[in-house]
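S.K.: These protein sequence lines map, in sequence, to chains A and B. Take my numbering: the last position of the first sequence gets the number 77, and nothing is skipped along the way. Take my numbering: the last position of the second sequence gets the number 1204, and nothing is skipped along the way.
In short, the hints are calculated from the structure, not lab data. Hints are supplied without guarantee of correctness; some may be wrong.
[What the hints assert, rightly or not] So these bits of chain A aren't anywhere near chain B, every CB distance computed over 10 Å:
#1 Tyr7
#2 Thr55
#3 Lys58
#4 Gly65
#5 Arg73
[Said to hold, decoys possible] Okay, derived cross-link-like pairs now, SDA-like style, lysine to any residue, Cα gap no bigger than 20 Å in a straight line:
#6 A:Lys39 to B:Lys1130
#7 B:Lys1060 to A:Leu75
#8 A:Lys23 to B:Asp1110
Positions of the beta carbon are idealized from the N, C-alpha and C atoms, including for glycine.
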Amino acid sequence: MTTQNSYCVILFKAVSYALKAEKILKQEGLPHKLIPVPKYISSDCGVCLRINVDTKDKIVALLSGKVDMEEIRELTE
Amino acid sequence: MTEIKIVDAKNLSCPQPVILAKQALESNEKVKVIVDNETALENVKRLGGKFGCDVSVEAKSGGIYEIQLIRPTDLNKDQEAFSPSCITVETKSGPFVIVVNEDKMGRGNDELGTVLIKAFCHTIAEQSQKPDVMIFYNTGVKLTIQNSDVLDDLKQLESEGVQILVCGTCLNYFEIKEKLAVGIVSNMYDIVETMSGAGRLFTP
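With the rest of the complex left out, here is chain B:
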C-alpha cells in the first residue's frame, strides 16, 4: 500500500486529471499526479485537500507540476462522493503588476522591513511566473538606483522581460534621478493606466 501510484495527466484537459487522481486515491494512499497546467494543478490540490491529503507540489521545467498526495488510511463517504468539478484558473485578462510603494516591506520596524524587501525581490526574481510590470513609487524608487541592495534582482527581472516603471516625480523629489540604474522613468499617467488595466496587482 505504501507504493506510489503515478498518474500522468499531462495533455489532458479538466476534469480528466482530477478524475484520474480521484480514482488513484481511492485505491492508493500515495499518489503522484503529473500535470502540465495551472488549472489542473489547482483542481488536483483541491481534491487532495478534500481527501485530507498531505499535498506537496514540485514545479518542473516547461510548466509541468508534480503533485504528491498522501492520504489518511480511512476514506469517508463525503470524499467518495466528491465530484471532480472544474474550476478554471482565470487566464490573465490584464498584466500581472507588482506595486512597490516603499523601500521596505511592511510597517512597524524599518530594519526588518529592509530585510524583507530584499528577500522579496530575490524571491520574485526566482519565481517561474514573473510579473509583467513592476511599478516603483515614493521611497520604493530608492530600490532602483545605484548601490541598491536589490539592484541585481531588478536587473535580472528586467532582462527577463519585466517592465520596470519608476516614478519620475519621486526620483526628482529625492534628487536621485541621475542615479537611476534600472527601469524607465515613468509618470502618473502610465502608472495609473497600468494599475487600472492590471489583471492582478499586489503590493509587497
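Bound-form chain A, shown alone:
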C-alpha cells in the first residue's frame, strides 16, 4: 500500500481479531496493512489494520459478522 494523505484504521479488541481480519482480507486480495496502533490513539502495544478510504465500506461489510471490530477511524497523515 502506498502512502496517502488519508487512510482508515480498523481497531480490534484483541490481536487475534486483527489477525483473523488480516487473513480474510488477504484471501480476498484487498489491500491492507497490519500496523501498530498509532500512539496518539492508544499507548498500548496493539496492532490494527490500515486500509484505503475507498475500500473501507467494502472491507467493513466483508468483515462484519466475521470479526468483531472495535472502531473504524479515518486518519490523515
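Since chain A is already given, all that's left is putting chain B on it; use the hints.
M.R.: Quick look at chain B alone, frame taken from chain A:
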C-alpha cells in the same frame, strides 16, 4: 498558574536550554521547551524527570522538539539544587545498524512474532531517524523477497537511503535468490565489517 510558559531554546547550546527550562519550571507548573537538537532534548527530559514532571515530547519537522513539562505543585530542595549539567548525546561514530536475523520478532510464538516484525518494519520506516544499514540473515532474508509483507516498508527505507544488505548464503540456502525484491546480495565480509564498525547496532 495553569498557563503554559513557552521557552524557546532553539539555537542555544547546552547547558543554556536546561538552565532556561529550570528557571521556567521554578516559577511555572507547566512549561513547554522548544529545542533543536537531541542533546538538549535529552537534558531537558532529564531535568523534567528530576522535577517529577509529566514529560511529553513532540518531534516537529527540521529536528525541532517540543517538550512539555508539567510538574507537581510542590518543589523540594533537591530539585532547586539541581545543577543543569550537560550530557552530550554522542554523535554517531559509526553507522546505525539494524540486524534482522529472523523473519519474526522475539521467540516463543511464531504467529505473534510475525505480527511483531511487520509492526517493527512499519515503525522503523516511519521514524525520523532511520538506520544507515539494515542487515538480513538466516530466516530474516525471507522478509526481503517478493510477496513479503514488509516489502513496501523496506523499499521505502531503501529509497530514503537506507542500505539493505541481504545474506547471499542464506538466500541460496532457502533457494530464493531469484526472488530477492529489495536490497543487495551481500556476504559475510561486508556483514562482519558493517557490524564491527557500527556506532549503534540492535536486533529486533
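S.K.: Could you tell me which of the numbered hints above are not met by this structure, giving the numbers in increasing order?
M.R.: none
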